[in-house]
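Heads up: the sequence lines are chains A and B, in that order. Heads up, the first sequence is in the UniProt record's numbering, so the first residue is 1 and it goes up one at a time. Heads up, the second sequence is in the UniProt record's numbering, so the first residue is 1 and it goes up one at a time.
Please keep in mind that the hints were generated in silico from the structure rather than gathered at the bench. A hint or two may mislead.
Label-pair distances were calculated between CB atoms; the ranges are [as the list claims (entries may be wrong)]: (1) A:Glu117 - B:Pro132: 20 to 28 Å; (2) A:Pro41 - B:Arg146: 47 to 55 Å; (3) A:Pro80 - B:Asp165: 27 to 35 Å; (4) B:Asp150 - A:Pro41: 18 to 26 Å; (5) B:Ala204 - A:Pro80: 38 to 46 Å; (6) B:Ala204 - A:Asn194: 45 to 53 Å; (7) A:Pro190 - B:Arg166: 27 to 35 Å.
Just so you know, these numbers come straight off a predicted model, no measurement behind them. Just so it is clear, CB atoms sit at the ideal spot from N, CA and C, and this is done for glycine as well.
2 protein chains.
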Amino acid sequence: MKLYDMVKAPNPRRVRIFLAEKGVEVPRQEVDIPGGENLSPAYLAINPRGLVPTLLLEDGRTLDESMAICRYFDVLHPEPNLFGRTAWEQAEVEQLQRQMEFEGLFSIAAAFRNSAEAYATRGAAGTMPATPSIPGLTERGLLLARHWLDRLEQRLEGREFVAIDRFTVADITAYVCLDFAKWVNLRTGPEHPNINAFHARMKARPSSSA
Amino acid sequence: MKLYDMVKAPNPRRVRIFLAEKGVEVPRQEVDIPGGENLSPAYLAINPRGLVPTLLLEDGRTLDESMAICRYFDVLHPEPNLFGRTAWEQAEVEQLQRQMEFEGLFSIAAAFRNSAEAYATRGAAGTMPATPSIPGLTERGLLLARHWLDRLEQRLEGREFVAIDRFTVADITAYVCLDFAKWVNLRTGPEHPNINAFHARMKARPSSSA
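For reference, chain A alone in the conformation it holds in the complex (with noise of 0.2 Å):
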């Protein structure tokens, strides 16, 4: 078993403070994605969508989404629970969790990729057709997350945590975008307490380094 790595890039880190969190070690290699290694022959060979993060296992199958990755070792060590135990708090940690990808990450990603001189002909990620920037989505973009941030804000006033009253997965998709949100220099400031506490917390667990 291998995971298919890049150090920097938000998806990865969010699998890899996952399985830090369970307590799961899995050997890993980094892929140097803003050079195009995941898209050379060699990476292609093993998968051939050509994303990063990968779990390659042992038989050769693949898995290419964070999330899948996640549930995957999540089925195998399902201490701690990081996905919600009642109906309730399985759908809460699931709505959060899509809300911090949809309001926070994508955002991110298309203010990132629509700006980055690395990725000017490549506006999907992996395989998918080459698409020239959208300028005018770095702007859209830009705005959608910070109402992001402004609803992570109020979301978390009171609470501890992002969707329930313990950490979950939710928890390390709002923490690893609110760094990833530093690539397009959006950042949070004193109008922000509930967030930089919480960010403070997240980055205080020995899996933040992970």
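Given the structure of chain A, go ahead and fit chain B onto it with the hints provided.
This is chain B only, laid out in the frame that chain A set:
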């Protein structure tokens, strides 16, 4: 309990098909999204995010992410299993469900929202900030949606279902997306025999008219 619904829209349809497959009935109320009813004070009092579908629980709590609503009912009504059982099955279903969303649903939605008059100033859903249409997104969305069709055609070679060897939520998302694609005049042809056969199988299920 009540499900706020819009019969024609793809996300509410995913939830209705899921409920039909589970044999669960939930009272529904129609919401006119193109007409802006989801942004009316009455609706925002129920769900401040202005999203549809929204599941309103007895105690006033709400869920407004389709997959979160499905997971809620999945815990309460585990059979028939629609999210996978083993670690591999759960991961594979999650992965394919997300591929259908990210490559299919989101591409079609981008093409539709950035070309439909009713959404000229509503580039993002619900109460997200108003953003003008970005015409380039329609072209990119169609390109990526066509790529999704080609990949799905390959995926269905020798397979009856999208993810594993029985019906799951990944099939629901794929089927709903194939119908949603018609909103942007994207249709399969004789070059998609596997998809056409899949669509016919899904349409033959009683849940398809839910």
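Hints and how they fare:
no., hint, in the structure
1, A:Glu117 - B:Pro132: 20 to 28 Å, "holds (26 Å)"
2, A:Pro41 - B:Arg146: 47 to 55 Å, "violated (25 Å)"
3, A:Pro80 - B:Asp165: 27 to 35 Å, "holds (32 Å)"
4, B:Asp150 - A:Pro41: 18 to 26 Å, "holds (20 Å)"
5, B:Ala204 - A:Pro80: 38 to 46 Å, "holds (43 Å)"
6, B:Ala204 - A:Asn194: 45 to 53 Å, "holds (51 Å)"
7, A:Pro190 - B:Arg166: 27 to 35 Å, "violated (53 Å)"
Going through the hint list in order, the structure does not satisfy hints 2, 7.
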